[in-house]
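A.B. asks: Just so you know, the sequences run in chain order A and B.
So for the first sequence, our numbering puts the first residue at 1; every next one is plus one.
So for the second sequence, our numbering puts the first residue at 1001; every next one is plus one.
It is possible that part of the hints are untrue.
Stated by the list, open to error - Calculated cross-link-like contacts (lysine to aspartate or glutamate; reagent style DMTMM-like; alpha-carbon spacing at most 20 Å):
(1) B/Lys1071 <-> B/Asp1027
(2) B/Lys1086 <-> B/Glu1112
(3) B/Lys1061 <-> B/Glu1157
(4) B/Lys1103 <-> B/Glu1157
(5) B/Lys1103 <-> A/Asp54
(6) B/Lys1160 <-> A/Asp54
(7) B/Lys1068 <-> B/Glu1022
(8) B/Lys1086 <-> A/Asp192
(9) B/Lys1068 <-> B/Asp1109
(10) B/Lys1160 <-> A/Asp56
(11) B/Lys1103 <-> B/Asp1027
(12) B/Lys1061 <-> B/Glu1049
Worth flagging that the hints you see were computed from the coordinates, not collected in a lab.
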Amino acid sequence: MPSPSNSLRAARPYLGTLVEISIDADLDVAQLQTAVNAAFSAVARVHQLMSFHDPDSDVSRINRTPAGIPIQIDPATYEVLGCAQRLSQRSQGAFDLTIAKVLVAQGFLPEVDPLPEIALASYRDLALLDAHQVLWQRSGRIDLGGIAKGYAVDCAIDVLQQHGIPHALVNAGGDLRCIGRPQPIHIRHPDDPQQLVAVGWLCDGALATSAGYYAQQPDLQSVAQQMINPIVDPQQQRCLAWQSSISVVAARCMMADALTKVVRLWLDDAAPDRLAQLLADLDAQALLLDQRGLASLGSSDCLRV
Amino acid sequence: MSQRHWTLIPLAVVATGAQATEYLSADQVQQVIFPGAKLTPAPITLSDEQIHHIEQMSGVKVPYKDLKAWKVTGGGWLLIDQVIGKHELITYAVGLNANGSVKQVEIMDYRETYGYAIRTPAWRHQFVGKTSASKVTLNQDIVNISGATLSSQHVTEGVKRLLATYAVALK
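Using the sequences and the hints, build the whole thing.
C.D. replies: Now the structure itself:
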């Protein structure tokens, strides 16, 4: 006879946001707690490796190493950089990790060690070598703020699966993924974040949202000082205003998280087909929520209405 | 036209009002951070001088004189505190090891506050009279919300303040 299932829900502060884990399994509460602790440890490890602020993180070590010197990094960081680079190539640079200097200049990220030269590096200048080493061909600075939360969610889900948890949801400040039982998902309306919009049921998949309502500030580099958000147009090297809410559904949260930035940049694009094509290639679906309502592009098996 | 591939989905607005989530009670959080340990209540009231010292040390303003604290048999402390952000009110617990280092931080409850700058308060009128095509039931508990990242900066500052409180008042 199956034992009654137990559930557990907990939240801890990591990656600059609150990370929430909810699980449900035919296990006793102590076993559930062990699984949740292990999943949070995985998130904490991503936080430690990929923090822009922590001088001992892989990201900080990469950022302070001059061009031409190989840098040994953790396989996890290497995996994220590899995924980011592939997406940079596929999006012709719309996704680019080397935008940290713009975020620093606008005060979204703290000033760290000044670079010895004016850094104009793009993703093409960070070479991924064998044996988990990377090397700047031209000095630059990366920030993983647009991808690490999604990766951390994936890591937490992996750990929960290893602990035999059949039903789980991990939500890192809006970047979320579930396994097992389908989960009803709501998105905050960007014009009034207290209003929630139902988008359907997420089934063994991930959904990440980017929007500007929590993080806008005046543009420090323009006289007009219009409100901008911590999303950078890599080609223009400037922060954009982000009035709408953009969500992406994909199998893995790392991809969903990163793709929200590409969707934002390609929304007003002159070549409309390429966004649809990219989403189709990656089995991803984009949701756009703004004053006009909710719109969808592409389709994903992970989302059912 | 970049929008020509996008298809409109009927909108189902399901919640008005602030969200609140309770994760752990004060009893539960003791067992989560210090499983099996014996905890003795040891509430603290900080003096003005201590508050000044804590603020200087942490660079964070001390909002309350009173602090909910428990002493762990065999060493360590459990502290329960609250922080108020622009959008949120968070109660959280910090477990300290016997040497004063952080053992664990757990969010106990989270409440939204009314700090938003609503750009177009009239937007919701457009949905009046529309029905939802979504099978998401409207009266069901809202548990999974996706949105822009909410900063945990206030919790981080709170932990910093509690570490200074430990150094000044509990050590």
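A.B. asks: Evaluate each hint against the coordinates.
C.D. replies: So, going through the hints one by one against the coordinates:
Of the supplied pair hints, the one linking lysine 1071 of chain B and aspartate 1027 of chain B holds, its CA atoms being roughly 14 Å apart against a limit of 20 Å. Between the alpha carbons of lysine 1086 of chain B and glutamate 1112 of chain B the distance comes to roughly 9 Å, so the proposed pair stays at or under 20 Å and holds. The straight-line distance between the Cα atoms of lysine 1061 of chain B and glutamate 1157 of chain B is roughly 9 Å, inside the 20 Å bound, and the hint therefore holds. Under the criterion of a C-alpha separation no larger than 20 Å, the hint pairing lysine 1103 of chain B with glutamate 1157 of chain B is consistent with the structure, at around 16 Å.
As the CA atoms of lysine 1103 of chain B and aspartate 54 of chain A are separated by approximately 19 Å, the hinted pair is consistent with the 20 Å bound. The hinted pair formed by lysine 1160 of chain B and aspartate 54 of chain A meets the criterion: a straight-line CA distance of about 15 Å does not exceed 20 Å. With a C-alpha separation of about 18 Å, the suggested pairing of lysine 1068 of chain B with glutamate 1022 of chain B holds against the 20 Å cut-off. In summary, the hint linking lysine 1086 of chain B to aspartate 192 of chain A is supported, as the alpha carbons are separated by about 14 Å, within the 20 Å threshold.
Straight-line distance between C-alpha atoms of lysine 1068 of chain B and aspartate 1109 of chain B comes to about 15 Å, which keeps the hinted pair within the 20 Å bound. Between lysine 1160 of chain B and aspartate 56 of chain A, the direct Cα distance comes to roughly 19 Å. Compliance with the 20 Å bound is thereby established for this hinted pair. The hinted pair formed by lysine 1103 of chain B and aspartate 1027 of chain B meets the criterion: a straight-line CA distance of about 17 Å does not exceed 20 Å. As the CA atoms of lysine 1061 of chain B and glutamate 1049 of chain B are separated by approximately 13 Å, the hinted pair is consistent with the 20 Å bound.
Of the numbered hints stated above, none is contradicted by the structure.
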